[in-house]
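With the hints as extra help, turn the sequences into a complete structure.
Residues per chain are reported as follows:
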Amino acid sequence: GENVEQHPSTLSVQEGDSAVIKCTYSDSASNYFPWYKQELGKRPQLIIDIRSNVGEKKDQRIAVTLNKTAKHFSLHITETQPEDSAVYFCAASLTSYDKVIFGPGTSLSVIP
Amino acid sequence: DTGVSQDPRHKITKRGQNVTFRCDPISEHNRLYWYRQTLGQGPEFLTYFQNEAQLEKSRLLSDRFSAERPKGSFSTLEIQRTEQGDSAMYLCASSVDWAEAFFGQGTRLTVV
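Top line first, the protein sequences correspond to chains A and B.
The first sequence lines up with residues 299 to 410 when you count with the numbering used here.
The second sequence lines up with residues 57 to 168 when you count with the numbering used here.
Watch out, some of these pointers could steer you wrong.
Computed list of lysine-lysine pairs in DSSO-like fashion (alpha-carbon distance at most 27 Å, straight line) [stated by the list, open to error]:
id : chain 1 : residue 1 : chain 2 : residue 2
1  : A       : LYS340    : B       : LYS67
2  : A       : LYS369    : B       : LYS70
3  : B       : LYS70     : A       : LYS340
4  : B       : LYS113    : A       : LYS335
5  : A       : LYS320    : B       : LYS70
6  : A       : LYS355    : A       : LYS320
7  : A       : LYS335    : B       : LYS70
So, partial list: chain A residues that the calculated Cβ filter (under 7 Å) puts toward chain B [what the hints assert, rightly or not]:
id : residue
8  : PRO306
9  : ARG341
10 : LEU344
11 : ALA368
12 : HIS374
13 : PHE387
14 : TYR395
15 : PHE400
16 : GLY401
17 : GLY403
Quick caveat, the hints were computed from the structure, so don't treat them as lab data.
C-beta atoms are modelled at their ideal positions from N, C-alpha and C, and glycine is treated no differently.
Now the structure itself:
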């Protein structure tokens, strides 16, 4: 089955700097790669996603890239703000409505 | 609130007791998913339904776990003879066939 790995497990950046989280997946059949943000005690919330027919997607300060050949995908957050502090999960799925396999998470701390 | 609703939000039970959780999906969402999340980990897929049909069960779901969605609307997850290792956050999510899933707030189970 699918296995998703994620690095780093913790990340601390100064406010205004960029943060990058990298993930790999194992199942070449996966075509949908969502990213979730989870604040302490709250539900995971989808912040951005990318499908396998797209190499890059951007939404304001957040961008995701996908290298399907290498089975790598990454999340980039620019101009980080303290409210970006949370745990971020990458994930992989066959489609947007199939079961989602999550990575272990990255705890991001943005220092004011 | 028109989001995914889970009840109860918190449950403390003694080892060996049975517990049941309920999930009400977003109206007209035909797909419903159950995940389990332990502290410091990403959510792990347990099972999912398309309408009332249970389409897939994870190997994580032992014989003590059972899920139902009798009328294709709300779902219940029952854990029989609870063990301390069952302590976790149980998350429910729902979606339609062409879109991503939305998560509920979860039920936090503590087995003492």
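Hints and how they fare:
1. Proposed proximity of LYS340(A) and LYS67(B) is supported: the alpha carbons are some 16 Å apart, at most 27 Å.
2. Restraint check: the Cα-Cα separation between LYS369(A) and LYS70(B) comes to about 44 Å, which exceeds 27 Å; the hinted pair is violated.
3. For the suggested pair LYS70(B) and LYS340(A), the alpha carbons sit about 25 Å apart, so the restraint of at most 27 Å is met.
4. Between LYS113(B) and LYS335(A) the CA atoms are separated by roughly 25 Å; this keeps the pair inside 27 Å, and the hint holds.
5. With a C-alpha separation of about 40 Å, the suggested pairing of LYS320(A) with LYS70(B) is violated against the 27 Å cut-off.
6. As the CA atoms of LYS355(A) and LYS320(A) are separated by approximately 15 Å, the hinted pair is consistent with the 27 Å bound.
7. In summary, the hint linking LYS335(A) to LYS70(B) is not supported, as the alpha carbons are separated by about 32 Å, beyond the 27 Å threshold.
8. Given hint, PRO306(A) at the interface with chain B, is violated; its Cβ is 14 Å from that chain's nearest Cβ, farther than 7 Å.
9. Interface hint at ARG341(A): satisfied, since its Cβ lies 4 Å from the closest Cβ of chain B, which is below the 7 Å cut-off.
10. With 7 Å as the threshold, the beta carbon of LEU344(A) comes within range of chain B, its nearest partner Cβ sitting at about 6 Å, so the hint holds.
11. With a cut of 7 Å, the hint placing ALA368(A) at the interface with chain B is violated, because the nearest CB-to-CB distance is about 22 Å.
12. About 20 Å separates the beta-carbon of HIS374(A) from the nearest beta-carbon of chain B, more than 7 Å, and the hint is not met.
13. Restraint check, PHE387(A) versus chain B: the minimum CB separation of about 5 Å is within 7 Å; hint holds.
14. The interface hint given for TYR395(A) is met, as the beta carbon of that residue sits about 5 Å from the closest beta carbon of chain B, less than 7 Å.
15. For PHE400(A), the suggested interface contact is upheld, since its CB lies about 3 Å from the closest CB of chain B, less than 7 Å.
16. Taken as an interface hint, GLY401(A) checks out: its beta carbon lies about 6 Å from the nearest beta carbon of chain B, inside 7 Å.
17. A least Cβ separation of about 5 Å between GLY403(A) and chain B falls short of the 7 Å threshold, and the interface hint therefore holds.
Violated hints, in rising order: 2, 5, 7, 8, 11 and 12; the structure is consistent with all others.
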